[in-house]
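Novice: Spelled out from the first residue to the last, the chains are:
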Amino acid sequence: MLALVVGMAGCGRTPPAYFRLNMVEATKQRLSADQERQVSTILLAMFGTPDEPVALPESGLDLAKLKLAAGPVRSDIAGRKNGLYREHCGHCHGITGDAMGPTAAFLNPYPRDYRPGVFKFKSTERSDKPTHEDLVRILHNGIPGTSMPSFALLSDVQIDALAEYVKYLAIRGETELALMRAYFELDDDAEGKLPETRDFLVAETLTPVAEKWQSAADARITVPEMPAGLDLAASIAKGKELFYGDKANCVKCHGPTGLGDGQANDYDDWNKAIVEIGKEVQSGLAKAGETSTSGMSAEEAAEHRAQLAWLDRFGRVLEGDALRPRTIPPRNLRHGIYRGGRRPLDLYYRIHAGINGAPMPAAKGTVPPEDIWHIVNYVLSLPYEFDGELGADRTLVAQGR
Amino acid sequence: MRNRLSGIFWGLLFLAVPVLGVATFAIAPAFDHWLPKDVSTHGAQIDALFYFILALTGVVFVATEVALFWFIWKYDAATTDRPATYIHGSHTLEVVWTIIPAATLLFLAIYQMNAWADVKMRRPDMSPTVEVVARQFEWRLRYPGRDGELGTQDDLHLTNDLHLPIDEDVLVQLKSMDVLHSFFLPNVRIKQDAVPGMKIPVWFKAREAGEFDIVCAELCGWGHYKMKGRVTFEPRARFEAWLERKYAEQQATQPPPDAGDSLAAN
Amino acid sequence: MAALRILSVLGVSLGLFTGCRPARVAVPGADAEAAGALRATLVSAAVPGGSAEAAASTGTGWGTLKGRFVYAGTVGEPRALVVDKDTEVCSKGGMKLFDRSLLVDASSKGLANVVVFARKTTRVKNPVSDAPLVFDQKNCEFLAPVFAARVGQPVDVRNSDPIGHNTNIAGTSFNQLIPAGAGTVYKPDSETGMPTMVTCNIHPWMKAYCVFRKDGYVAVSAADGTFTIPDLPAGEPLEFQVWHERSSGPSGAIGLSKPELKWTPKGRFQIRLEADEIKDLGTLEVPAATLGS
Amino acid sequence: MTPPTAAAVDHGTVTVSAPAHAPKGGIGHFLSTYVFSKDHKVIGLQFLFSTLVWFLIGGLLALAVRWQIAWPWSDVPVLGKLFAQEGGQMAPEFYTMLFTMHASVMIFLVIIPILAGAFGNYLIPLMIGADDMAFPTLNMLSYWFMWPAFILFGASFFVEGGAASGGWTSYPPLSTNVASSPSGGWGQTLWLLGLTMVGVSSMLGSVNYMTTIILMRAPGMTMFRLPMTIWGMFITAVLQAFALPVLTAAGFMQLADRMLGTGFFSPEGLVVNNAVPGAGGGQPLLWQHLFWFYSHPAVYIMILPAMGMVSDILTTFARKPLFGYRPMVYSVAGIAGLGFIVWGHHMFMSGMNPALGITFMVSTMMIALPSAVKTFNWLGTIWGGRIQFTTSMLFALAFVSMFIIGGLSGIFMAATPVDIFIHDTYFIVAHFHYVLFAGTAMGVWAAIYFWFPKMFGRTMNEFWGKVHFFLTFIFMNGTFFTMHILGAVGFPRRLADAYHYETFHHLQPLNAFMTWCAIGMVASQIIFAANFFWSMFYGPVAGRNPWNANTLEWTAPSPPGHGNFDFQPVVYRGPYEYSVPGCEKDHLMQTDPPNAAAAAAALASH
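Protein chains in written order, with this note's numbering: chain A, 3 to 403; chain B, 19 to 284; chain C, 83 to 375; chain D, 37 to 642.
Chain A on its own, in the form it takes in the complex:
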């Protein structure tokens, strides 16, 4: 039984926390080991480590806040001065913000992967970043109906720091993606090496990413007042019409009963990416299986082998660096659970701009604002419509109705 102890002790201590490279993208872009190393080196230079974050002035990030959130958890009770992210967020969202924390795989829906820099619940137009307040609000209220809890009981300073750190991870992730994609755009004389110049790294790569974050506050959706003296009943009726009509078309996905039983086999952007790649790898392997190397010339055969090796590696990367893709069912509107917040305002944002990263499209431009308000009123009334008639709906029972 001492052997047991030895067996365990043999494994030794774990290395300090590190940011893991976006291996899915790296493999997709067929980066060589050298190129991968160059990316991690550049990222280390630009963003530092989970314990020692770095914020270039162009990133517009507040290093003081970052340091509060970064680092290992301080376990003495006096402390808790830093390590907020790893204490509260890391085990789901992952130290890298890649949503690959140890707990992530068991959550439904999966935690957010910050690296693409896409966020769902915000007060800005679909294509824009969330404002700092949006992130703070999510941290504060949590996301009902998901595993994202409310951190309302943290101090405002701490929440502020965490929001800043989320931005940091997002900007870092987006920069990483940009760098990896840049390899494809390289001219052939660059010998597959990115220029390590301030112009390229900061001016061309970091700044465009960071600017979108800095300009988020200006991209807030301006919400027209709900038409004054609105008769609620009438508005709800109008909203119902729109809900089922061809204009707003909500019924197509959220279903004729509003239980989210319409178009239901779709993926959100994060999962879709993995699904597409998965298909590619599968078909690639299938094809490779059929083709025989007999008739090939030397270099053709070599190419074929390389392709096989790549596919195989991609398979393994997907195993370790991506979660099994899950479909994203349209929201059941009768739960009375609103992930982005239950204020009429929140629902207006959702309908107006759609939900970035999700199939939910924007009504902006094609549905006039007052109609959106009607839909909001109708949706808010849904959980209380035909009381008891939907007794079959388990959740309504759970809600005690």
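Check the hints yourself; a few may be wrong.
[Stated by the list, open to error] Here are the in silico distance ranges between beta carbons for each label pair: (1) D:195 / C:332: 50 to 56 Å; (2) B:262 / D:395: 21 to 27 Å; (3) D:183 / B:70: 48 to 54 Å; (4) D:317 / A:386: 24 to 30 Å; (5) D:297 / C:238: 50 to 56 Å; (6) D:292 / B:70: 42 to 48 Å.
[Said to hold, decoys possible] Here are the simulated DSS-like pairs of lysine-lysine, each with C-alpha atoms no more than 27 Å apart in a straight line: (7) C:344 / A:195; (8) C:289 / A:281; (9) C:296 / C:361; (10) A:274 / C:220; (11) A:289 / C:191; (12) C:220 / C:148.
Worth flagging that the hints you see were computed from the coordinates, not collected in a lab. Glycine included, every Cβ here is placed at the ideal spot set by N, Cα and C.
Take the given structure of chain A and dock chains B, C and D to it, following the hints.
Specialist: Frame of chain A, contents of chains B, C and D only:
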């Protein structure tokens, strides 16, 4: 084991048990390692009972442990030369130390029934002040809105941040959406499991204003530890003002002037 | 001690097992001091901007590039798509929708929907026009399987169906409800690089591709496989990128063996036009294998 | 199992065991003698070794738990790598798995099998003067049914999602609902299957023990001449026979809920992790009732044999008859009887009808009574004795001393209003660790030091034994007594990190202290392990009766060969005839033929 000191040594070791044991309990309060502040009206009963049992068991504890020490000390084969007493027991003694504990325990059992009934059985006749729905891993709160009844569209929905009035009975309707949880208010001496499929009433009356923890005391999954809530007791007036503010926030159709501040406010 | 032996075996296996979990793919670590040095250069307030703006133009005049893609291989029957929503419109009168990823002109073997665009250009002849291009959808199908537009040029995303659609352009965060018979105008604000997918989430089978270029030097091969890019800056080296939906090359690039054009596996070829020259690349044969069939 | 030196030990004595030890070739012989043996002694030792190994594993799990409580989220030394978590800190679901498996391993793979399996097997036939168990094959099976359990529990650590993490009580819906926890996948299922296997093993054992004790006693060995050890084992066997079927049934119901989608324990309308469970219409409380209907008696299954063994050891080293033999027997029986009607006291806060709570509270108060009686009798036993401070005796005394604490702290929980506050806090943790570790484990060590000579023919090293006792005793109290204080603050169990609550924020230093003690406690077991194995081969050779004890096993060779006794034991008196006046030696063995003086004295006592 012929060593004359061994008996003394082991005797003292066993004497350390009651000495240090009592000492631990004696100094713990000094370091605030003790029953947390109680702000409820019924808590006093519970604490009194706790102290009573503590005293009772304390006496028995010290008595028996000291007896043990004394026998070890006195009847060490190495130090005593008198032969061991040849005795198979004593009927009287058996009867005595059966009857006395029996009587005490029975008394204890009857004595505490009232306190138990107050907390768990004598439900005040009123409609729920708030509904608490436990969920992995948060406390979802639902206040009846202006219409004063739960389950209508004007309910006020909140998370983890429970506010309640003081100096009056409050009735919490406890439910669970998924697994077992336990609604534990250390400072109110209240604990009740939330059982999926059951609506369990919990009632109490707070004496003092202040902010206190809500703890989950039944294993509810990986996030059990972070299922933290906060209860704020405040006078009726302030309580209602707070309700109004929250309700207004929930009905908002325009972003607050500065989102940052309004969040800081709650 | 038999039991003991057996159990210590169990013990060891326990220990070893735990020690050796299936690990994730190894990642090459960063080069610490290189990073340190690099960081120094990055934080040093170097002259902002620098060579960020485009390289100075070297040539004058304009030329035209043409060519024709043909498919060297046999085309099977096109796959019918699964249409299970709004059938009263999407398959009215038994109408069927087919997979359009490989459209070959039966007679001329011409390969349609090949995208050719200039990678970098120094000069642009025409300003961005305000005449909106129409990107329409009818009978639950995007009319254009591959759609090219110039950044900043208005695109009128239409819906000529009696039912509602939404149009979701991947990577651009354009995802709009397009009510029946209505439309909305979209101005591409950035280049797509390789063409990006357009879908309708309500009708999962609907699929198209679109490519946006700043300089608008982009062409999509017609049904007969021909393509033309006019008004290209002459007198300087140009590099073109070739793409097809079905290509098995990296990111859909079509690599042909045309040494004279320095055609790379990344689907790029280089060429130099003289002023007012109309350069015809002639017939470009795309082997079946390249399109993964 | 018996070491080769054994033959040397009992040369000279006519020993039936000689052929068994004669070197016989053939793997078949090896298997039938050492592996698939039907000899109760070999089986007993197999149980002993297996459980000691799991004892170590359970201890390491406990250390990992303590580490997280003391220094949450900080990099875990040595074991950190195992968790394969980023930055070496353990994830919360891993922590829940740790304490779940710590409890499960300790209860189902250590305490229950080491008492009934190891000592029950080894001692019952020897102490009642039988040559083996009534059903040797059943007996062998009862051990080999533990192996599926070992493997299932062990394997569950490596399946996706890790081992069970629903607490050792496995309360539904957390345990039945696959979506509700990471271990929802296989861990929980393997746990249930393992539990069933342990149940089968215990059941086979208990049937065997009851039959053996009732039918195979040596001539003259009346029920009221049985040593307390045997009484403990007997009552335990009865408890198991009546309680186990309930647990097994409940276990299968939970399995069905998990695998067949039945809804015994989940009500309508759950939404767990955004998954709506299939069937509903069940009641979570049902499981709690069924589970505790077994698991409360199981608490006594986990201590009665230890009580018995301690009684024997106390008398032996106090050189004095047991004080109140019959009251002791009655109180054991009383505990067993009452043990079946107190399960509800685990459920005071569960939403069970509060009126029912009162009933269970009264019965629970009453069950404190027999325990008190036993304690007083133990004190009575050492009063006026001639105490010999052997390691074994020290552990036995520690058992008494610690059992007093464990018993008294139980009264707090029995008092329903107080339970409102301390339920599911560290007060409970302190309570059952005082009963199960500071109690039973002390008893087990006492028994190991006491019967080691009989098992291996050699005595363990007394000096290192005492060092082991001293350190264990100190660290143990350092770890567990302070838990009462945590409980008084309301510090809840099973929290991966409680310091973000204002109420518990200041308790971290105390927890750190406890963790250091726990580390010390585990470390001091190295001394025990070393002493154990060293003495097995090099310890001073013990005769048949190194302690001058009375009971039958000491008349057999050490170690006894197959068939145990090299003569037919005949019993003339009870097991506790020490220091009989007018008798030349200070102990009269149960088999000593009555001579006038002794007989007079012996009979006077009955």
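Novice: Given the proposed pairing of residue 220 of chain C with residue 148 of chain C, does the C-alpha separation stay at or below 27 Å?
Specialist: Given pair residue 220 of chain C, residue 148 of chain C is violated - Cα atoms ~31 Å apart, limit 27 Å.
Novice: Starting from the hint 48 to 54 Å, judge whether the C-beta atoms of residue 183 of chain D and residue 70 of chain B obey it.
Specialist: holds, 50 Å
Novice: Cβ-Cβ distance between residue 317 of chain D and residue 386 of chain A: within 24 to 30 Å?
Specialist: Between residue 317 of chain D and residue 386 of chain A, where Cβ atoms are some 26 Å apart, the hint holds.
Novice: For the pair supplied as a hint, residue 344 of chain C and residue 195 of chain A, confirm whether the alpha-carbon distance does not exceed 27 Å.
Specialist: holds, 20 Å
Novice: Check the hint pairing residue 289 of chain C with residue 281 of chain A against an upper bound of 27 Å on the C-alpha distance.
Specialist: Holds: residue 289 of chain C and residue 281 of chain A sit about 16 Å apart, inside 27 Å.
Novice: Does the hinted range 21 to 27 Å hold for residue 262 of chain B and residue 395 of chain D at CB?
Specialist: violated, 46 Å
Novice: Please work out if residue 274 of chain A and residue 220 of chain C have their alpha carbons no farther apart than 27 Å.
Specialist: With a Cα-Cα distance of about 25 Å, the restraint between residue 274 of chain A and residue 220 of chain C holds, given a limit of 27 Å.
Novice: So if I understand the rule, the pair passes when the alpha-carbon distance is 27 Å or less; does residue 289 of chain A with residue 191 of chain C pass?
Specialist: Status holds; Cα separation ~24 Å.
Novice: Assuming the hint says 50 to 56 Å, is it satisfied by the Cβ distance from residue 297 of chain D to residue 238 of chain C or not?
Specialist: The hinted range 50 to 56 Å holds for residue 297 of chain D and residue 238 of chain C, with Cβ atoms some 52 Å apart.
Novice: Does the beta carbon distance between residue 195 of chain D and residue 332 of chain C stay inside 50 to 56 Å, or does it fall outside?
Specialist: This hint is violated: roughly 39 Å between Cβ atoms.
Novice: Measure nothing beyond the straight line between the CA atoms of residue 296 of chain C and residue 361 of chain C; if it is 27 Å or shorter, mark the hint as holding.
Specialist: holds, 23 Å
Novice: Take the C-beta atom of residue 292 of chain D and the C-beta atom of residue 70 of chain B, compute their distance, and say whether it sits inside 42 to 48 Å.
Specialist: holds, 46 Å
In the structure shown, a violation is registered for the earlier hints numbered 1, 2 and 12, in ascending order.
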